[in-house]
Every structure is written in structure tokens, then in C-alpha cells.
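**Q** I would like the entire structure built from these sequences, with the hints used as guidance.
Residue numbers (my numbering): 944 to 1204.
Among the clues, some could well be false.
To be verified - Here are the in silico distance ranges between beta carbons for each label pair:
id, residue 1, residue 2, range
1, Leu1029, Thr1097, 17 to 25 Å
2, Arg965, Gly1057, 51 to 59 Å
3, Ser983, Gly1146, 21 to 29 Å
4, Arg1151, Arg1090, 18 to 26 Å
5, Glu1109, Ile1032, 26 to 34 Å
6, Leu1009, Arg965, 46 to 54 Å
7, Ser1095, Leu1196, 38 to 46 Å
Everything labelled a hint here was simulated from the structure, so no lab data went into it.
Being a predicted model, the structure only gives us computed values, none of them experimental.
Even glycine gets a Cβ: it sits at the ideal position worked out from N, Cα and C.
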Amino acid sequence: MYTIATLEDLKRHLNLGANDDRDVDDLLRALQEASHLIESATGRRYCPRVETLYARLDPSDPRALLLPDDLLELRAISDDGGAIDLADIRMLPGNADAPASILQRKQGEAFRPGLGSAGSVSISGVWGWHDRWSAAWRESGDKVRYRSLTASTTIFNVDDISGADEDGARPRFHVGHMLRIDGEYLRVTAIDRRANRLTVLRGVGGTRATTHLRDAKIETYAPAPAIRDLTVRYAELLLKSVGPIELDSSPLLERMRRLTA
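**A** Laid out in C-alpha cells, this is it:
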């Protein structure tokens, strides 16, 4: 399951009660299709993923790489000469809250792409688009309870699903939420409010399922508000439509369309 917005986001948009579980499958299908339509139309992904990609040299500057996707965090980079010190790399444009589209060496040495991967440089990091990455992960106000999670655990308890997160929003967990525990990304697929129990997909977004100790902090991912709102609006259109829909050329969609070199 991959959705930009959550089931709770769509329910609020449709003025449905949080405990109204009618047609949940239809709502989730609409959210998934709306997410796919928006990402296909703009050429971007709006939920983060950890991955190693390859970038080519900028033909006009051998010290610069044109990135194949939006880069939120750089974790490692290597060329034919081996690993490159991250302190020697500048992410452009230089806005720490926005993704980079170019990497540039600060010193005079050029990248050495070598012959592998069609002459590309290997880049490992967190990829995706957000307009305020430093605030994208929010404190849920909750933790893993009662026992540690093994790498195969898909159901676990928390203190209070219906409690408030760091921003005072309730409930703190939604179906469709991307979670982060100790660097692993998880996706909430079901919620048992009475038992305060979450069912999740493990190791999503390119991360690996690992063991997490009891009382490990849980964070929730908040996509860019404009993209989240657009997702629920298109999901509503899909629910009302008897056939496929086409995305209109809204100013937001045009502005978000990724240009490739």
C-alpha cells in the first residue's frame, strides 16, 4: 500500500467520522490511485525512500552531477576513485529544507565516473520531494510498548492510538501513515483502537526491517500540505467518477512537474 495522504485525511475531507469504517477499501483504493496519478503527472515521489541511484556528469561542469531524482539527504557518494568525503559535496540549490537537483564538488577536483553504470557516479541517500524536510517527521508522542519488535513483527502495541501528536492533532496514528522507528520506515495498514494495536508493513521505502527495543520512539511522516490536500481532492473525484479521470492542468501540478535534463 502506497498513499501520500492517509485514510484519516480523506475521511476529514469527506466529513466522515473517524470511526466510520464503511467502504474503507474503496477509500484506500481511491487514495492509492490519486497518489499514483499525481506522482505520474509530476514525475516526483512525495514519500521518502532510501536508495542508491546513479548520476551523470553535467556536460558543462565536470565538478557537478545532474541528479536523476529529488535528493533530500545525501548519505554516501563514490566514483571511480572510491568513496568521496561528504564534506566536499555541495547540494544545490542550497536550501536545506528543499531537495537537491545537482551535486557539486567544493574543491577543484572533477568527478571520476569511470566505465561502470554507463559512466555514472553512485549516490546513496533519501530521495523524494518535500518543501520542508526538516519538519517532515513529527513526534507521534508514542512508543513501542510491552515488548521489543523483531524484524518480522507486523502487529504491535502503543500507548494511545487516539492521543495527540506533537502538534496536538488527534488521532496520532492513521491507516496509511508512514512511520519511522530507528531509521526503518513502516506503513500502517490497520488500526485496533480498543487494543491500541497497529498492523504495519515493515521495511518500506527502501529501508530494512530490523529489531527495535521496547520504548523505541515512533515518528510519523507528514507530506507537504499542498500535495496532501491535492491527493484527497483527486481521491474524492475518483470516488464520484464512474470511469477514469484526467488530471487538470492546475497551477500546482504545473509548478510541481519535474524537469529532466
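**Q** If a hint holds in the structure, say so; if it doesn't, say that too.
**A** A quick look at each hint next to the structure:
Taking the beta carbon of each, leucine 1029 and threonine 1097 are about 35 Å apart, not inside 17 to 25 Å as hinted. Checked against the hint of 51 to 59 Å, the pair arginine 965 and glycine 1057 passes, with Cβ atoms roughly 57 Å apart. The beta-carbon spacing between serine 983 and glycine 1146, approximately 24 Å, falls within the hinted interval of 21 to 29 Å. In this structure the supplied range 18 to 26 Å holds for arginine 1151 paired with arginine 1090, their Cβ-Cβ distance being about 20 Å.
Our hint of 26 to 34 Å for glutamate 1109 and isoleucine 1032 holds, since their Cβ atoms are close to 32 Å apart. Checked against the given bound of 46 to 54 Å, the beta carbons of leucine 1009 and arginine 965, roughly 48 Å apart, stay inside it. Under the hint 38 to 46 Å, the C-beta atoms of serine 1095 and leucine 1196, about 40 Å apart, fit the expected range.
Figure legend: structure checked against the earlier numbered hints; the only hint not met is number 1.
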